[in-house]
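Enquirer: Here are the chains, one letter per residue:
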Amino acid sequence: MEESSLLPPVVLVHRPPALDFIDEHLSRHSFTALYTHTSLEDSLQDFLSSHAASVRAVVSLGRLPIPAEFISNLPSLEIVVCASVGFDHVDLDECRRRGVVITNAGDAYGEDVADLAVGLLISVIRRIAAVDRYVRSGQWTRLWDYPLGFKLNRKKVGIVGLGSIGSLVAKRLEPFGCIISYNSRNPKPDVPYAYYSNILSLAADNDFLILCCSLTDETHHIVNREVMETLGKNGVIINIGRGGLIDEKEMVKCLVNGVIWGVGLDVFENEPEVPEELFGLENVVLSPHAAGMTAESLNNISEVAIANLKAFFADQPLMFTVQLD
Amino acid sequence: MESIGVLMMCPMNSYLENELQKRFNLLRYWTSPEKSVFLETHRNSIRAVVGNAFVGADAQLINDLPKLEIVSSFSVGLDKIDLGICKDKGIRVTNTPDVLTEDVADLAIGLILALLRRLCECDRYVRSGKWKQGDFKLTTKFSGKSVGIIGLGRIGTAIAKRAEAFSCPINYYSRTVKPDVAYKYYPTVVDLAKNSDILVVACPLSDETRHIVNRQVMDALGPKSVLINIGRGPHVDEQELVKALTEGRLGGAALDVFEKEPHVPEELFGLENVVLLPHVGSGTVETRNAMADLVVGNLEAHFSGKSLLTPVV
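Sequences listed follow chains C and Y, in order. Counting in our numbering, the first sequence runs from 21 upward without gaps. Counting in our numbering, the second sequence runs from 7 upward without gaps.
Just chain Y, with the same shape it has in the complex:
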């Protein structure tokens, strides 16, 4: 399989790079200064693309690669892949579901605790020596607070299970009511926000869910409630979010994702009611290795004519 060209879109994981290098002709898209020349040169040997949450395979790229057979994403999110064109052209698509569910859910709870209990602030307070001048102020209790989850898929469900151990009543919004689920369903995100102390975004990003957390939703949350985003940056109207936070209309926000990563609105840097993370939801050694194994496993299966491990298209 060493002659099969696999185009990797950006640096994502050295273990993955090594494993792909061992098996295929790995082409690193980011190392070429002239991207169009690079594609011209290699277009007939590239049969697979490996993308991630930041760079995938859009219509332009797919059209430039006539021999493309499979896009294997180092992510569970598919918003950076033009699925429609892949379907039309019979190009297979795989992602990395399940292996990262726990880590993302763990981080969601970690973000809630860090935000409500001001853990980052507390850490700064001690490190700066301020504790010698006086105790830190009161923070907000997490146990027993109502948690509203947008999207009750694998990740949303895992978050709900964890929050239940903190005696949190769980509410959710999704396109349809889930039968056999003991949580309270709300038919709109605004209703969910009105009735939740903590709103968590855990749905996939699509045209329908872009800016699903808009000004109306933020107003419904209000100054005593908080927003947690472990989905995708475009789920939230970021400009409105910055205004809501700086004007004190929203109680707080903990964000692992942003509309234009790695750009983070600087107005947020000075706020003590925010937690800002650089898209580390699946960022553990164990999970990134498991994701890498899935990417490699899917490509190997495809090129040896076996069933794909985690196909989407």
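The following block holds chain C by itself, in its conformation from the complex:
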């Protein structure tokens, strides 16, 4: 090992300026952190070239893209520690080519995401956001005057992607009397829910879909017009995965034309842009990618990232490495 391993290890942090929850954890654990967003005068390229020759580890927050050019400016890069479950913002081909390891947040904030999925589902079918608006606007003057919602008990809920988050969602919905089934690349052993090998048959047999899978080339626009038509006019889709899982333009048309009933979305194709046609719809609940945004989750995310950084610099085994093949 080189002598530089005796100095506090250098970590390059690539994050939006406002998203600073990890900084204190990094300094508390004796990492020397360089921040790409402090390169206000230089371009990112110049910053990287002058500071980053020996950087072995990058911490990625807030889904700021890490494209091939970024990676190529870090000749010593060996690991990208993502402070999120999603890693679709990292150029996976370049990482694969360079042998760069990627770790993600694993199950650090799964509970909060699952909670939000359930919250969005109930809010959509029981019209919670819409009726709260109705009451606050002073319009409630006649009793029992608002359109009714729909029952959750005995409804069929199809989960797309039964990973750690999908499983947490399923567990939460069980006591509501929902009948759970799922679609995944492969059936999961020892799981009490019915398996569907493709999303179209899942949509055909279910009332509601909850999207919990990661965004890959295969899952891009996995919810397309055909899936929505199959789900039907009483169908509801909840998306807490990635915006790219749904063909957003088609989804807007399907909502406006009553092809499906409603949606609850925490993610969008081009955040923070949200199709304005959704703003006028009552059967829609919109959330600003907030599923993991609680103090507990940010703390857990930081702990996982720090643990992986420590393990990396000590040549110890890592947690939650992402399979790139």
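Check before you lean on any hint, since a few could be wrong.
[Claimed, not checked] Calculated pairs, SDA-like style, for lysine to any residue (alpha carbon to alpha carbon, straight line, at most 25 angstroms):
1. Y/K138 x C/P295
2. Y/K136 x C/L298
3. Y/K86 x C/Y166
4. Y/K151 x Y/D197
5. Y/K138 x C/H109
6. Y/K147 x C/D127
7. Y/K136 x C/N303
8. Y/K147 x C/F41
9. Y/K230 x Y/N295
10. Y/K136 x C/H109
11. C/K253 x Y/N295
12. C/K208 x C/T236
13. Y/K28 x Y/E8
14. Y/K41 x C/P295
15. Y/K266 x C/D127
16. C/K175 x Y/D104
17. C/K253 x C/E296
18. C/K175 x Y/A296
19. Y/K147 x C/S70
20. C/K273 x C/H241
21. Y/K138 x C/K330
22. C/K191 x Y/G83
23. Y/K147 x C/R153
24. Y/K151 x Y/R255
25. Y/K143 x C/D127
26. Y/K143 x C/S157
27. Y/K266 x C/R162
28. Y/K249 x Y/E278
29. Y/K136 x C/E291
30. Y/K266 x Y/H217
31. Y/K249 x Y/V196
32. Y/K86 x Y/N69
33. Y/K138 x C/R83
34. Y/K147 x Y/E278
35. Y/K143 x C/R83
Calculated from the structure, these hints are not laboratory results. Every value quoted in this text rests on a predicted model; they were computed, and no experiment measured them.
For this one, chain C is given, so just place chain Y on it according to the hints.
Expert: Chain Y alone, transformed into the frame defined by chain C:
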């Protein structure tokens, strides 16, 4: 049975109205401008009253209807019916238990999530375009928080079962300890409030439970805990609640019911730590239809001499 007068107290459900109209002589109380004249005219033909959570059958109405045999409520709550007088006069009373348990429990959890995770705020934030200027702030985690339930009846139990799936420890208060229940019992509502992050009102409204959530209870909850009311408005001292919220002494409140519906204290409209719903606990198409079927079923049973489906008195 077409000659049997059934007095419906207020608009509550068009499916119910149609089904009653098909079978009985349905009299719509709210359509007459002169209520006392209306009752005078029809008093001898009205043999049944159909009420709900807002208007039932009080002592005055019962005394004005000498031929009244049955009150069938389109609700599970009976606080709008003078049960004492019904018992004395041998008037039967029915309600709609069980069919609405799940919907009310679902809504209770929906309210907890909407409140703690600021779902209504988030929705407004996106719709107003503010997300383009910056991320929303941090909200409060639900999973693992302690839930204290006032009243462990059908609805309270259903809420507990759902909250358990979120790994919430469950506490409760009720008049007596429930044997064979794995949840932690507290002998007073103040103790329950002290030891719970989320306090849910799920008991029936009676003289004993009026204002069961008072200033003391709200102080015991404090600025880090929240109140969820899916019971009846009068369970909570509403004036004290408004003060506690506007003064920051209570962490938040999600309310489906109010003391004088449809009136909601306007001081609450601007608060981001409240969720306000217009009494929609049982408000799904499926459940209101099931409730309607029970009302009609009970009346049909009574007038054909069969056993009532869901008698209370």
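Enquirer: Give a verdict on every hint.
Expert: Outcome of the hint check:
no.	hint	verdict
1	Y/K138 x C/P295	13 angstroms, holds
2	Y/K136 x C/L298	15 angstroms, holds
3	Y/K86 x C/Y166	22 angstroms, holds
4	Y/K151 x Y/D197	17 angstroms, holds
5	Y/K138 x C/H109	19 angstroms, holds
6	Y/K147 x C/D127	15 angstroms, holds
7	Y/K136 x C/N303	21 angstroms, holds
8	Y/K147 x C/F41	17 angstroms, holds
9	Y/K230 x Y/N295	39 angstroms, violated
10	Y/K136 x C/H109	24 angstroms, holds
11	C/K253 x Y/N295	20 angstroms, holds
12	C/K208 x C/T236	20 angstroms, holds
13	Y/K28 x Y/E8	8 angstroms, holds
14	Y/K41 x C/P295	52 angstroms, violated
15	Y/K266 x C/D127	46 angstroms, violated
16	C/K175 x Y/D104	18 angstroms, holds
17	C/K253 x C/E296	21 angstroms, holds
18	C/K175 x Y/A296	16 angstroms, holds
19	Y/K147 x C/S70	42 angstroms, violated
20	C/K273 x C/H241	15 angstroms, holds
21	Y/K138 x C/K330	36 angstroms, violated
22	C/K191 x Y/G83	31 angstroms, violated
23	Y/K147 x C/R153	23 angstroms, holds
24	Y/K151 x Y/R255	19 angstroms, holds
25	Y/K143 x C/D127	22 angstroms, holds
26	Y/K143 x C/S157	24 angstroms, holds
27	Y/K266 x C/R162	12 angstroms, holds
28	Y/K249 x Y/E278	15 angstroms, holds
29	Y/K136 x C/E291	12 angstroms, holds
30	Y/K266 x Y/H217	14 angstroms, holds
31	Y/K249 x Y/V196	18 angstroms, holds
32	Y/K86 x Y/N69	15 angstroms, holds
33	Y/K138 x C/R83	15 angstroms, holds
34	Y/K147 x Y/E278	16 angstroms, holds
35	Y/K143 x C/R83	17 angstroms, holds
Of the hints listed earlier, those the structure fails to meet are numbers 9, 14, 15, 19, 21 and 22, in rising order.
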